[in-house]
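Trainee: Spelled out, the chains give:
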Amino acid sequence: MDDGPSANWSLTQASIGQPVSDSPANALELRGITKNFGAVTALDDVSLSIKPGSIHALLGENGAGKTTLMRIAFGMVKADSGQILRDGGLLELRSPADAIAARIGMVHQQFSLIPAMTVAENVALGGKGLYNVNDVAARISEIASTTGLTIDSRARVANLTSAERQKVEIVRTLAHDARILILDEPTAVLAEKDIGELFEQLRVFASAGGSVVLITHKLQNALDHADEVSVLRHGKLVLNAPMDAASKDSLTAAMLGSAPQEQGITRGTAIRSRLVARVGPPFVEVFAGEILGVAALEGAAGPLLRSFAGRAQTGSGKPGSGKTGLRVGFVPENRQEEALIPDLSLTENLALKNAGERRGIIDWKQLRDNTSTVIREFDVRASGPDATARSLSGGNQQRFVLGRELSDKPELLVLENPTQGLDVNAASVVHQRMKAARDSGTAIVFYSTDLDELVDLADRVVVVGGGRISDSPPDKSEIGRLLLGIETAEHPVA
Amino acid sequence: MPDLSLLADALVRATPLIIAGLAVAFAFRGGVFNIGAEGQLLVGATAGAAVSLWAGPALGRSVLIVALLSAALAGAAWAAVAAELRKRFGVLEIISTIMLNFIALHLVSFLVRGPLQEPTRIYPQTQSIADSARLPIILPNTRFHFGFIIAIVLACFFGWLFKTTAIGFRVRAIGAAPKAAWIAGKVDVKRTSYIVFLVSGALAGLAGGIEVSGVTYALYENLSPGYGYTAIAVALIAGLNPIGVIASGIFFAFLETGALALQRDFAIPSSAASVVEAVFVLAALAISSLRGRGIPGLTRPATR
Chain A
39 MDDGPSANWS
49 LTQASIGQPV
59 SDSPANALEL
69 RGITKNFGAV
79 TALDDVSLSI
89 KPGSIHALLG
99 ENGAGKTTLM
109 RIAFGMVKAD
119 SGQILRDGGL
129 LELRSPADAI
139 AARIGMVHQQ
149 FSLIPAMTVA
159 ENVALGGKGL
169 YNVNDVAARI
179 SEIASTTGLT
189 IDSRARVANL
199 TSAERQKVEI
209 VRTLAHDARI
219 LILDEPTAVL
229 AEKDIGELFE
239 QLRVFASAGG
249 SVVLITHKLQ
259 NALDHADEVS
269 VLRHGKLVLN
279 APMDAASKDS
289 LTAAMLGSAP
299 QEQGITRGTA
309 IRSRLVARVG
319 PPFVEVFAGE
329 ILGVAALEGA
339 AGPLLRSFAG
349 RAQTGSGKPG
359 SGKTGLRVGF
369 VPENRQEEAL
379 IPDLSLTENL
389 ALKNAGERRG
399 IIDWKQLRDN
409 TSTVIREFDV
419 RASGPDATAR
429 SLSGGNQQRF
439 VLGRELSDKP
449 ELLVLENPTQ
459 GLDVNAASVV
469 HQRMKAARDS
479 GTAIVFYSTD
489 LDELVDLADR
499 VVVVGGGRIS
509 DSPPDKSEIG
519 RLLLGIETAE
529 HPVA
Chain B
431 MPDLSLLADA
441 LVRATPLIIA
451 GLAVAFAFRG
461 GVFNIGAEGQ
471 LLVGATAGAA
481 VSLWAGPALG
491 RSVLIVALLS
501 AALAGAAWAA
511 VAAELRKRFG
521 VLEIISTIML
531 NFIALHLVSF
541 LVRGPLQEPT
551 RIYPQTQSIA
561 DSARLPIILP
571 NTRFHFGFII
581 AIVLACFFGW
591 LFKTTAIGFR
601 VRAIGAAPKA
611 AWIAGKVDVK
621 RTSYIVFLVS
631 GALAGLAGGI
641 EVSGVTYALY
651 ENLSPGYGYT
661 AIAVALIAGL
671 NPIGVIASGI
681 FFAFLETGAL
691 ALQRDFAIPS
701 SAASVVEAVF
711 VLAALAISSL
721 RGRGIPGLTR
731 PATR
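If you read the sequences in order, they're chains A and B. The C-terminal residue of the first sequence carries number 532 in the numbering used here, and the numbering is unbroken. The C-terminal residue of the second sequence carries number 734 in the numbering used here, and the numbering is unbroken.
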């Protein structure tokens, strides 16, 4: 049997239009892109050039239009007007398949891998012809040798860590011969060490003539690693410069429109006489008027926080240990699935709080007024109490959830990663609200993957790790030591 | 007036469609995919007929109430089998309720040839129930009975329940997002969906009881021409809205009675109506999605 090349499994399918200008071609050029979603202008006449061989950071607050712009460049969203040029040639993108054919690849914030399949099978998805595991494995190891993205092609994706899954996503786009790699918030799920490694690999890719577009709101990542920077604010391009010409201050000013107010660290004083909740064993207590920070390695804090919040059993069951009748506010990490029902209105989502305890007739008029109050007081940008939760951006959803959970002046507020995915401004609002609640006597328990946030915000810290729970002062190195279980002479791990 | 009797026939046929349609709409809104309205309806009809026959002489007029309540209880009990299977073993209710439909169908076959067969033992059906156990006729000289009023009242009640009450909101919440209902709302999802299942079964059972007390006055094998299955279409066309179920129930009833007339007068096969029904359901599902509102678990908002 003779398999012609066309019958073989193939990922390469490049075909690019003829150049229409002979200026030194940009790898990718967006011209006058405008996009409206209903009455909302997501992008307003944005033009952007991506040079070959560079890492280009695209910065902006949540909802500034970064992701929408890149989805247009990847053919997922159709622009209302504007042009896309690839190497100087006009590009017509009807679907991501067209973008992939033009050697543009995108790694989305939410991964699109199939957990039950192996790395090789995931990489092969979208290829043509016959699937041959050896061909794909060869391609993966070829990519590994040129970029340093090493991954076991036979591993099942379900068994991989977030960092490894991200590698697979990148390898997949490279296997489709992407020369322009768009990464949407790639560092959100990564630990410090993995972030460094990622950028090393991206640099190798760029040095070989590839282009990287890095959507991020982590200023430091952009400053440290990008060559070019563009900033979007409210759908408009407000800054576009080589990174040498930008500073942390100038970028912050461009992103926010004004310099953010620096906040001094104020600590609360726990009212030791007023124990609000205790869970365990091992027992952890929280008192009125304090913020208790929980430090833990990925996933380990969940059970502790959920038993504080009285949501220890999933699906069914009675509230967990602790006083009954305690007013508890809970801000879960997964807003879309656990905090809100996206298709219901904000008023209905407000009614969702304590829905299990409501009786008789619901006073919708009263709830609608309460919703308007939350919208106003927590600066939720929404068209009104009848807007669906889905129509809000992440930061606005989080402010709404926080406002809802604080609306009945809870005695205990439990938050999981409360500023994840939020920009500087939105995060600082959340911090202020937490402190204000603490100062009015609420006991607060929160978990954060960001040690800096934990140290800045918490009055007291407990570290969950290695099957034990230990107290710690809000001190980064001390927390780190306990997290990793490092024992020293003067600091025995109890 | 022949026209009036045709209209009455359609509304008589609409009655079980509306009540069973409510059963399906209520379940689907609560995230319970009860495909078993047909079986629950048949079991309800059996209980209604049996109670009417046994307790009729002793209870007088009040036997009607007792019979209808028994029908609802029997429907709920039949649904409880599937609800238990789901709660204990995670058996998909879509599978279990369909299986229970077949069991109910053959249970009726057995009963009308055995323990419940009429005294002469000639026909595979029960004796006719006493006049006192029958639902009153509203329009004289037609079959239009009081059951239709019950159907309208029930639809309004469930519409009100969804719109204004805490329990109605909880049912909507667990249907739309069970995880958020539990985490944000502390709704006991398992318990609530169990109750939804029972209420749905009770409604379908009641539809069967009303059919016996209002139309057939006896239990026999082909008592239901698939009311429980058409009810799924009725609920979907109504967008799972209880008030909408009134309109779509009447619509389907007209379609089916009209099809019988077409077959009689013009030899057009009445199965043509089934084709039309199916097309309507598929179109309604697509339209609900296109209007950006998908039905949780069934359709999602259309993306371009």
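Hints were generated in silico from the structure; no laboratory data involved. There may be inaccurate statements among the hints.
DSS-like mimics (lysine-lysine), calculated; alpha carbons at most 27 Å apart, straight line [as the list claims (entries may be wrong)]:
1. A:K447 with B:K609
2. B:K609 with B:K517
3. A:K403 with A:K447
4. A:K403 with B:K517
If you anchor each label on the Cβ, the simulated ranges turn out as follows [unchecked claim]:
5. A:G398 with B:C586: 33 to 41 Å
6. A:Q147 with B:P731: 19 to 27 Å
7. B:F519 with A:A226: 53 to 61 Å
8. B:K517 with A:E238: 23 to 31 Å
9. B:L522 with A:D287: 54 to 62 Å
10. B:R730 with A:L128: 33 to 41 Å
11. A:N372 with B:L720: 26 to 34 Å
12. B:E514 with A:I152: 50 to 58 Å
13. B:I524 with A:P280: 39 to 47 Å
14. B:I568 with A:I399: 27 to 35 Å
15. A:K403 with B:I524: 53 to 61 Å
16. B:D433 with A:D118: 50 to 58 Å
Away from chain B, derived, C-beta distances all over 12 Å, residues of chain A [what the hints assert, rightly or not]:
17. A139
18. V242
19. G247
20. V369
21. E386
22. L390
For each residue, glycine too, the CB sits at the ideal point set by N, CA and C.
Trainee: Which numbered hints are broken by the structure, listed smallest first?
Mentor: As far as the earlier hints go, 4, 5, 7, 8, 12, 13, 15, 20, 21 and 22 are violated by this structure, in ascending order.
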